[in-house]
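Sequences are here, hints too, so could you generate the full structure?
To get the numbering used here, take the position in the sequence shown, counting from 1, and add 1.
Hints listed in this document are in silico derivations from the structure and should not be mistaken for laboratory results.
Be aware that one or more of the hints could be misleading.
Pairwise CB distance ranges, derived in the manner of DEER restraints [as the list claims (entries may be wrong)]:
{"#": "1", "residue 1": "Ala54", "residue 2": "Lys103", "range": "43 to 53 Å"}
{"#": "2", "residue 1": "Cys40", "residue 2": "Glu176", "range": "36 to 46 Å"}
{"#": "3", "residue 1": "Phe400", "residue 2": "Gly244", "range": "52 to 62 Å"}
{"#": "4", "residue 1": "Asn41", "residue 2": "Asp344", "range": "53 to 63 Å"}
{"#": "5", "residue 1": "Glu388", "residue 2": "Asp332", "range": "19 to 29 Å"}
{"#": "6", "residue 1": "Ser27", "residue 2": "Glu388", "range": "17 to 27 Å"}
{"#": "7", "residue 1": "Glu37", "residue 2": "Met290", "range": "31 to 41 Å"}
{"#": "8", "residue 1": "Phe43", "residue 2": "Asp147", "range": "24 to 34 Å"}
{"#": "9", "residue 1": "Lys103", "residue 2": "Glu388", "range": "50 to 60 Å"}
{"#": "10", "residue 1": "Lys103", "residue 2": "Tyr44", "range": "42 to 52 Å"}
{"#": "11", "residue 1": "Phe400", "residue 2": "Glu183", "range": "47 to 57 Å"}
Even for Gly, the Cβ is constructed at its ideal location relative to N, Cα and C.
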Amino acid sequence: MENGVDINIRADIPLLEDVIYLDAASTTPTPKPVVESMCNYFYNYNTNTGRGAYNLAVRATKEFESSRKRISKFVGSKPSEIIFTKNTTEAINLVANGLNFKKGDSVVVPNIEHHSNFVPWLNLRKKGVNLKLVEADEYGIIDHSDVLDAVDANTKLITTTHVSNAIGSVQPIKEIGEIADENDVLYLVDAAQSAGHMPLDVKDIKADFVSVPGHKGLLGPIGTGFLYCNQEISEDLEPTNYGGGTVLDVTESDFTLETVPARFEGGTQNIAGVIGLGTAVDYLERIGMEKIQNHSKKLTAKLFKEVNDIENTIVYGSPENIYGIVAFNIDGVNAHDVAKILDEVKGICVRSGHHCAIPAIRHMGAYELGGTVRASVHYYNTVEEIEIFGETLREISKFFGD
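Spelled out as structure tokens, the structure:
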């Protein structure tokens with residue numbers, strides 16, 4: 002062990018040798034075992050799934066479906082409740098465009114969501130669907146009682162992120178799930194910034210839908226993700242992509258849809274990516290989700306303190322209720338300039354800008370500053386890296402302050 006991190010995870014991610022990578026909220030580097038499982042597919046059984054009786058095709062199908070089973074176990078669902086997508090955005094749009102929203106329906110959504118969990122609902126206004134916004138407090142936290150106040154007889158769906166990508170604030174998803182359940186309203190949780198960072202049980206939070214990317218906390222390949230869709234309401238969801246693999250029978254005048262989840266996975270899938278995602282979930286489970294969560298909490302607290310202790314920084318969010326992400330600005334300095342200098346001086350990788358969450362950035366009062374600088378961590382990061390980041394940021398702050 003070194004600084005609370007298993008040496009092997011850093012050895013499994015060669016990218017970490019040359020940089021201090023603090024951009025997990027955007028994407029995470031992929032560990033060697035994940036890449037190797039994908040290469041094994043490409044080298045040894047690179048065939049399509051569900052379309053061949055020969056041995057290689059049968060093996061590909063078996064491995065693909067094995068990933069589905071392992072992923073479903075990881076989040077506490079049935080395999081048939083996992084629909085593979087290429088990212089979180091596609092998963093959320095499947096719900097927004099696949100549910101039968103009608104004029105007069107309403108969707109309850111916080112005002113600080115990632116664009117991918119905001120724009121699809123805004124777009125439904127074309128159908129006459131109303132958006133009922135729940136305003137976060139100054140720390141980016143939603144009060145579940147405000148969610149309850151927004152629910153009425155026309156509410157069809159409540160949605161919220163679990164952890165804000167812009168601020169890192171953790172939302173009360175269990176309490177909101179209770180509200181949805183008690184009011185017979187559908188419930189979607191965007192777990193883009195929590196899955197792979199902390200334990201996630203889709204049944205425990207009473208969600209009907211949970212959208213998850215593969216390439217962030219799960220340490221999986223880019224271009225992968227999934228939608229958990231509660232089996233009890235899957236028949237109410239229409240596919241948004243029709244064609245090969247989605248039908249059982251076709252006549253000249255009609256067609257019969259496949260069973261779930263096949264009806265939602267039209268065309269050839271990202272087979273190597275899904276196999277890699279299954280390996281990534283196995284990798285996380287070998288480490289242990291509680292171990293990952295505890296280390297990330299420690300890093301988050303250290304990160305917040307390092308930034309907050311610098312006199313002329315503006316730090317967003319509450320240290321008691323953020324996870325994995327610290328967003329900040331140096332007073333009077335453009336966020337992009339800070340990020341660029343961090344990279345050039347010490348090879349520190351952070352994100353800067355609006356983080357695909359412009360309403361959240363406006364809510365934080367950071368829009369005119371070019372957004373925020375966002376540092377985000379995962380299990381592979383060390384306390385020493387956070388200290389180097391803090392020292393470098395102090396030097397940058399001092400330079401601009403003089």
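Report the numbers of all earlier hints that the structure fails to satisfy, in ascending order. Numbers 4, 7, 8, in rising order.
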